[in-house]
Amino acid sequence: MDLPINPPVEPMLAKAVPDIPAAEGMTYEPKWDGFRCIVFRDGDEVELASRGGNSLTRYFPEMVAQARAQLPRRCAVDGELIVIRRDGPIPRLDFELLGQRIHPAASRVKLLAEQTPASFVAFDLLALDDENLMAAPYAQRRGRLVAALRGVEPPVHLTPVTADLDTARRWFSVFEGAGLDGLIAKPADIPYEPNKRLMFKVKHARTADVVVAGFRWHKSGPVVGSLLLGLYDGDGRLHHVGVSSSFTAARRKELLDVIAPYRDAADENHPWIGEHGDETRIPGAVSRWTGKKDLSWEPLRPEWVIEVGYDAMEGDRFRHTAQFRRERPDRSPESCGYDQLERPVRVDVDEVLAGGA
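This note's numbering numbers the first residue of the sequence shown as 6 and each following residue consecutively.
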């Protein structure tokens, strides 16, 4: 591969901000919930490069074929690999299905490429032919990207963009229903600087009252590593929905005293130990993401209620790590159910990709 820039190249990043920023020349686009991927193509040679110098090429053979078929013959295009779930009433993004695409067995990779094929959403152009565009302002790169990808067809897409703040606010509110992760704001004059946070990202912020039903030890020693969180469904089953783990070293030690009363006889009739039924989500499952990571956990009597912050749900669990907000001694564990959660109205992700919705 002999392009003006060659892998590995770290993608440019975005700084989290609480509100949608407004500035002259600012443009806005959906924040896709997938795998960040810079596609390098030099003739028939294609590399799908992810963050940290990792390669995704072997896991997405169908996207290698699409790059050869639809991208310019010599280019480096920044974008996102996504998987669209189509077995429900409305197509939507599914990060869990995307995660299942990372598999060590070649036969499984081939099968998954056929059963859950990925799509690629392009949103920046780093190089074209013999020209390195990374020093060019974003507005110029966007114009070149639109021209270079004119005529592409699914599963290759050009991300929709708007310069209208009201439209951006509507997108932020509506697009979550298609499984998207928020909004990206890009100043018009920024160059492409790898690993620098020159863009802005806005994500949804919500809270929920949850039951702490277990914990994991921290890798550094006998202090709390993470709290295991649960929510009750309509049938009274307590499901594991995620963890809260962003604590200081001092707070990890303090938490040992907080959870001490709930450790006594915690394994007696615990909802996640013994006969719990296949319909109950429990902690401890090994995945190809966790590898050899120690997922053992200690039970707590499900009596301690806390409030956590979260951005979105992925099915029946928190999409990302939840943030501890405060204790809720005024709430009973049984009152911590799924019914408290805000659920966005479902939106067709195909309409989002087409620039509508």
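Hints were generated in silico from the structure; no laboratory data involved. All residues carry an ideal CB built from backbone N, CA and C; glycine is no exception. Do not take every clue at face value.
Claimed, not checked - Under the rule of at most 20 Å between Cα atoms (straight-line distance), these lysine-lysine pairs were calculated in the PhoX-like manner: (1) K20 - K201; (2) K208 - K20; (3) K20 - K206.
As the list claims (entries may be wrong) - Computed Cβ-Cβ distance ranges for the label pairs, DEER-style: (4) P9 - R331: 49 to 55 Å; (5) T285 - V114: 46 to 52 Å; (6) N137 - A21: 50 to 56 Å; (7) K224 - V179: 23 to 29 Å.
Okay, the hints, checked on the actual structure:
1. For the given pair, K20 sits about 9 Å from K201 by alpha-carbon distance, which is consistent with the 20 Å threshold.
2. For the hint pairing K208 with K20, the CA-to-CA distance comes to about 11 Å; that is within 20 Å, so the pair holds.
3. The suggested pairing of K20 with K206 holds, with an alpha-carbon distance near 6 Å, which does not exceed 20 Å.
4. About 52 Å separates the C-beta atoms of P9 and R331, a value consistent with the hinted range of 49 to 55 Å.
5. Taking 46 to 52 Å as the suggested C-beta distance range, the pair T285 and V114 does not conform, at roughly 31 Å.
6. In this structure, N137 and A21 break the distance hint of 50 to 56 Å, their C-beta atoms being roughly 29 Å apart.
7. Take K224 and V179: their Cβ atoms lie about 41 Å apart, and the range 23 to 29 Å is violated.
In this structure, the hints that do not hold are numbers 5, 6, 7, in rising order.
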